Amino acid sequence: MWKKVYEWMDERLGLNEIYTSLLDRPEPKGNWWNTLGSASLFLFLLQGLTGIFLTVYYTPSPDHAYDSIQYIMEGVAYGWLIRGIHHWGATLMVIVVFVHMLRVFVTASFKYPRELTWLIGIGLLLATLGMGFTGYLLPWNQRAYWATTVGTQIAGTVPFIGEFILKALRGGPDLSALTLQRFFSAHIWMLPAVLAGFIGVHLYLIIRHGESHWPKRED
Amino acid sequence: MDDKSKKQINNRYEQELNKGEFFWPDSIFKDVIVSLGIFVLVLLLATFVGVAPEPKADPSDSTYIPRPEWYFLFLFKFLALYGQIPLLGKIEWLATVLIPGIAIGILTLLPLIEKSPQRHYSKRALPLSIMAIMLVGIVLLTLTSEVPTVSEDGSTLLGLLQALAGLAIPGAGMIVLLLMSYVFKSSARLMAWTAGLVALSMILISGTVLAFAPERAAEDTEVATTIVDQIFAGQDLYSIHCVECHGDDGKVEVIEGVEGLEGEKITPINSRDVLYTVTDSAMVEVIAYGRPNAGMPPFGKAYGAELSKSEIDYIVVFMRYMWDDRFEVPQEALKPLFPPLAKGEVPSYDVHIQPIVKRYCVSCHRAGKENNNYLMTSYEEILTTGDNVDYNIIAGDEASYFLQVIQETPIMNPEKPDEELIGVMPPSRALKPNVVGALVRWIMNGMPRTAEQAAGLFVPPAPEATPTP
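Residue numbers (our numbering), protein chains in the order written: chain A, 249 to 467; chain B, 12 to 480.
No wet-lab data here; the hints were simulated from the structure.
These numbers were taken from a predicted model, which means no experiment stands behind them.
Be aware that a few hints might be false.
DSS-like mimics (lysine-lysine), calculated; alpha carbons at most 27 angstroms apart, straight line [claimed, not checked]: (1) Lys262(B) to Lys443(B); (2) Lys30(B) to Lys277(A); (3) Lys464(A) to Lys30(B); (4) Lys126(B) to Lys464(A).
Negatives, chain A to chain B, calculated, CB over 10 angstroms [unchecked claim]: (5) Leu270; (6) Asp311; (7) Leu350; (8) Ala416; (9) Gly419; (10) Pro440.
Heads up, the beta-carbon is just placed ideally off N, CA and C, and yes, glycines get one too.
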C-alpha cells in the first residue's frame, strides 16, 4: 500500500531524483566545524517561527509596543518562552554566523570554485546584523530607544549623504512612530526576504560545488 | 586562475570525495546533533536567564547612557577610543564610515584579493595573522566596552592604555605584518610569532585595564511587570506625588492645606467624568506636563520633573484599576500589605516585615544606592549591614536608630550636633501608623524571622492590662 502511494508520488514529484541529488551526495570527510552553516540555517528557521508567533500579539506603535510585549511576557501562555527563544536565538545566530564566517576564512574555503558562495555569505552576515539592529528597537524600551538613537546617528555621519540616510532610517529627523514602523517592516518583511533569497542561492551553490574539504599540507 | 590549477583543484577534490562520506546520513548526523545542542542551549537560556525587564522608552530621559546591542559594542568602543586621537579624532566619518567600510570591503572581496589557490594555513600566514589580530581586537574591545576612558579623578591613563591595546598595537601590528609579507618576505613561522606577540600584548594590556577598571554601579532595573506589581508601584508613586492635592482616593474637589493652592477647585480625578472621557495617553500627558493654568505642576522628566514614562504609566494603571468601574481589580491587588495584627500578636519577618520593607524601603536600601551601606533585601541584611549597624536595631530597645527614624525623629551626629546622621525614613513621607506599629512590635519582641518563632512570642492580652507597646 505505502509502496504504491510512494510510487504515485514519486512519479509526479520525482522523489528519487531529489534523494539522489540532495541527500545521497558524496562529501569529503566531515568535520564538526562544518556544521555551523546548517546551525545558522536552523537558527534562522527558529527565529522565523518564533518571530511569526510574536507578531500575533506585537503591535508596532510607540503607544502599544511596550505594553504588547509586556502582555506576551505575562498574559500569553508560554509567551515568555517564545520571546526568550527569539531573544537568545538572535544572540546565538550572530555568534554562529560569525564563527561560520571565521571557519570558512581559516580553511580558505572561499577560494575557487566557491567565491560566489562567500560573497553571498557576506551578504547573509550583514543581513543578520541588520536583523539584530532592526529587531533591537521593537520592544520600545529605554535600551532599545537609545541604542537606535545612537546607531542611526552613527549612520548619519556618512559624508554628504549622511543626513539623507539618517532621515531615511528614522523616517524624519527624530525617532518616532515612523521609525518603529519601518524597522518593524524591515525586520519582518524586507530583511527576511533578502535572507531567504540569499540562503536559497547559498544552498544551491553549496550543493553544486559540494562542501569543501579540510585543507591538508598539500593544498 | 589558469585552467591547469583549476583542474588540479578539482582533481584534489575528487580524491577527497573518494575518501569521504555521504551527506545522508553521515554529514547530516553531525548537523542535527549540533543544531539540537544549540536548540537546548537556547531553551535553557530562555528559561533560566530570560529577558531582563527594561523600563519603557522615554525620549525625555537624557540621563540614560545609550548602549548598542552587545555585538556592536566593539564598534562603539572603537569609536570612543578613536575620538581620543588628537585632530584626526574630530573627523568622525573616518571611524564611522571609512574604516568599517574598508574592513567590510576587504572581507567581501576576499576571494578577489587573496587569489593564490593555496589553502593550508602554513601558506596563508598574512591573512590568518591579520584576522587573528582583528578577532582578538574585537573580543577585547567588547570586553572593555564598559570601562570609561577618563577615570573619576580625571586621569586619562585608562583611556591611554585602551587606545594602545585597541588601536595602536593592532594597527602597528598589521602594518608590520604587511611589511614582513611583501617587503621582507619573512617566513610563515616568524609572522605567526609576530601576530602572537601582538595579540598577547593586546590581551595583557586589556587585562590590566579590566583589573583596574572602576566597578560599575548596579543599574536601576526595577520594572513592574505584572498588572498587580504595576498597581502597587502606581499606588506608591501616587501616594508620594499626588495625595497632597488629590487625596488618598482622588475624591478631592477643593484643595486644602497646600501652600499656594489653598481653596483651588479641581475635578475629582476618580469621577466617571474624568475616567470615562480621558484616555490613558491623555492622562499620561496631563501627569507629565501638568495643568499649569490650574496650578498642577509637571511631573514628567520631559518637563523637568522626576517621573519616567514607565512610572507615569504605573500611576495610570493604578487609577484605572482602583477607580474606573469598567476595570476589574485583580484580587491580589486588594490584599492588605500584611495581615492585620491582633492585640499582643508579634509580627514575623516572613509574613509582615518583608512586604513592608519591600514596599517602602528596598527601593533605596539595596546595592548601588546611597544608603549608608544599609541594605534591606534580606533578613540577614536588615540586621547586619549598615554604617550604624551597632545602634541600628537592638532587640527590645526603643532607642534603636531604626525605630527613631521611622517615627519622624532624625538621629543627630554626636560630634556635630546640628548635623543629621540619619534623616527621617522614608524621607518623603511618614509611614502609616499601622506600619510603624508593626515595625515597633517586631523590634521590641526580638525580630522573629518565621511565623512559628513569632507565634512563640505571642502574649495573649489580659483584659485589664495595657497592651504591649
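Open item on the list: For Gly419(A), is the shortest CB-to-CB distance to chain B above 10 angstroms, so the non-interface label stands?
Closed with: At about 15 angstroms from chain B, Gly419(A) clears the 10 angstroms cut-off, so the statement holds.
TODO: Would you assess whether Ala416(A), listed as outside the interface, keeps its beta-carbon beyond 10 angstroms of every beta-carbon in chain B?
DONE: holds (16 angstroms)
Open item on the list: For a C-alpha distance cap of 27 angstroms, please report whether Lys30(B) and Lys277(A) respect it.
Closed with: holds (7 angstroms)
Open item on the list: Would the hint linking Lys262(B) and Lys443(B) be met if the CA-CA limit is 27 angstroms?
Closed with: holds (20 angstroms)
Open item on the list: Would the non-interface assignment of Leu350(A) survive a Cβ cutoff of 10 angstroms against chain B?
Closed with: violated (7 angstroms)
Open item on the list: If we take the beta carbon of Asp311(A), is the closest beta carbon in chain B still more than 10 angstroms away?
Closed with: Asp311(A) not clear of chain B: closest Cβ-Cβ about 6 angstroms, inside 10 angstroms.
Task: Given as non-interface: Leu270(A), partner chain B, CB spacing beyond 10 angstroms - done: Answer for Leu270(A): violated, closest chain B Cβ roughly 8 angstroms.
Open item on the list: Just want to verify: Pro440(A) was marked as not at the interface with chain B; is every Cβ pair farther apart than 10 angstroms?
Closed with: Per Cβ check, Pro440(A) is outside 10 angstroms of chain B; nearest 18 angstroms; holds.
Task: Lys464(A) paired with Lys30(B) [C-alpha distance capped at 27 angstroms] - done: holds (13 angstroms)
Open item on the list: Tell me if the straight-line CA distance from Lys126(B) to Lys464(A) falls inside 27 angstroms.
Closed with: holds (18 angstroms)
Of the numbered hints given earlier, the model fails hints 5, 6, 7; all others are met.
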